[in-house]
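Number of protein chains: 2
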Amino acid sequence: MQLTILGCHSATPRANAHPTSQVLDMNGELMLIDCGEGTQVRLRREKIKFSRIRHIFISHLHGDHYYGLIGLLSTFSLLNRTAELHIHAPQGLEEIIKLQLRVSHAYTSYPLIFHQLDSRKAELILDNDKLSVETIPLSHRVYTNGFLFKAKPGDRKLLIDKVQNLDIDKAYYKSIVKGKDVETRDGRLVRNEDLTADPRPEPSYAFCSDTVFKPDIVPQITGTTLLYHESTFLEEQEHLCEKTKHSTAKQAGIIAQKAGVQKLILGHFSARYKNLSLFEKEAQVVFDNVENAESGKIFRFE
Amino acid sequence: MQLTILGCHSATPRANAHPTSQVLDMNGELMLIDCGEGTQVRLRREKIKFSRIRHIFISHLHGDHYYGLIGLLSTFSLLNRTAELHIHAPQGLEEIIKLQLRVSHAYTSYPLIFHQLDSRKAELILDNDKLSVETIPLSHRVYTNGFLFKAKPGDRKLLIDKVQNLDIDKAYYKSIVKGKDVETRDGRLVRNEDLTADPRPEPSYAFCSDTVFKPDIVPQITGTTLLYHESTFLEEQEHLCEKTKHSTAKQAGIIAQKAGVQKLILGHFSARYKNLSLFEKEAQVVFDNVENAESGKIFRFE
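So the protein sequences, as listed, match chains A and B. The first sequence begins at 28 in this note's numbering and counts up by one. The second sequence begins at 28 in this note's numbering and counts up by one.
Source of the hints: derived by calculation from the structure; they are not laboratory data. Note that the structure is predicted; figures quoted are calculated from it, not measured. Nothing false has been slipped in among the hints.
Put simply, identical chains are the same to the list, so a pair is met inside one copy or across any two.
Computed list of lysine-lysine pairs in DSS-like fashion (alpha-carbon distance at most 25 Å, straight line):
no., residue 1, residue 2
1, 270, 125
2, 205, 177
3, 201, 189
4, 74, 301
With the hints as extra help, turn the sequences into a complete structure.
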């Protein structure tokens with residue numbers, strides 16, 4: 028599983044500061060999270076195959092999180108995509124996209140399916156054999172969700188000594204790791220739990236941007252493997268957080284620490300800061316395993 | 028006067044192939060022509076001061092000519108612009124922009140004034156003391172205009188021998204070049220035409236993209252200093268022009284030759300071509316002074 032950062036800066040795009048966009052690869056399912064201006068160029072630069080993206084999640088309708096979407100959707104058509112594309116986004120985005128397609132007489136070459144988000148409570152919005160996705164209600168200047176991605180459990184772990192001791196034919200191994208019971212050569216039924224161990228804990232990823240400090244998300248994201256939490260400001264500018272509905276690096280660290288996540292990634296940095304390492308340092312005061320997002324950086328996790 | 032190419036490629040933006048956008052500086056008036064995705068980053072890279080742009084001209088509502096506009100308008104607000112901004116564009120753009128501003132509760136910090144283009148005939152859309160702008164009706168898959176920018180005449184040329192012979196006080200020189208008559212020290216009236224020559228011919232710039240080969244634009248652009256004409260294809264792919272409503276490099280050359288322009292600039296190259304010098308070569312068969320557009324290239328003209 029891996030998370031590729033395409034952009035992690037707030038507001039205005041600049042030459043080396045791309046707005047929010049990420050690609051999450053979870054059990055082979057490739058998903059785009061937010062899509063600021065220039066995202067399609069960033070996807071090309073990271074050599075991510077456009078056609079593998081089946082789901083796009085948009086946290087909220089501020090431009091730095093979605094202005095790149097219409098261009099990407101148009102490019103999919105130019106590339107003659109035919110596979111379904113699902114957009115999970117707040118109310119309003121469908122109207123914006125469809126209006127732009129209409130004025131250019133440019134209908135998509137593929138089914139474009141909008142899933143409108145409007146709940147103020149966490150809800151399950153995607154559930155397939157690879158993963159599930161829940162919204163994380165956030166608090167920003169407009170209606171905003173984070174997203175919690177949970178990988179589905181993989182195969183059970185084969186206890187090789189046990190199956191060898193029972194002389195079970197290798198042909199059964201595949202069904203055993205899928206959870207099936209098995210018969211020995213002499214016709215004795217052996218229960219699956221005696222031949223396998225639980226699969227390793229499934230990784231999960233929580234994306235939380237943009238939001239004011241909101242500790243009530245902690246129960247939902249407790250134990251998450253990887254947490255991306257916005258940190259637009261340093262503590263020195265905390266007074267700006269209430270008005271703009273953003274968080275500081277320290278506040279992101281507190282969320283990570285309370286939720287007991289494995290690793291915290293910081294992003295959505297304000298353009299006012301030149302030295303971004305200060306963000307890591309500030310969060311580390313409360314939570315040790317923290318790393319800044321950076322365009323092109325890949326976070327692998329299992 | 029100078030024309031800065033920000034992007035000159037068709038359709039999908041790629042790392043080094045930016046969609047159409049140009050900045051024209053004419054008598055100190057800075058104007059943006061088309062605004063594909065990523066234009067604001069290109070403006071920054073060329074160190075063009077955002078606040079100096081007062082007029083934006085959009086040729087047509089295909090994404091590669093306007094998807095960067097909403098981001099640029101939002102950035103103007105983030106930069107606390109207060110000066111009026113005028114957008115000259117086909118019907119539909121105002122609705123698109125205002126819808127996007129509304130969903131994000133992000134009204135502009137400055138007066139944003141739309142001038143809707145819908146005429147099928149050439150019309151004068153801007154006329155001030157520095158220049159005039161006319162539409163050039165083009166023929167593309169959607170309603171499309173080119174734009175003809177004509178600089179206003181500068182000061183008349185002072186005939187220095189004549190004014191010195193008549194012993195005219197230097198204090199009058201400024202009003203003489205503006206076209207005023209003057210009195211000699213002994214009270215004799217001298218007519219302006221006896222003291223000045225016509226100012227040098229005023230430069231003009233015609234922007235023609237996107238369009239199928241359309242020779243009926245020739246009378247309007249005859250004698251233009253600089254002509255940008257789209258050349259999406261080479262002659263080898265001319266069969267694609269009728270369906271897609273684009274031109275070849277040779278067709279652009281024919282327009283330039285018939286209109287007797289000083290220089291032809293080619294652009295809007297299809298992504299299928301690797302060797303863009305073939306475009307110049309093809310057009311040169313019919314018109315000698317031709318040069319490819321290129322991101323970051325500046326064409327100076329007087």
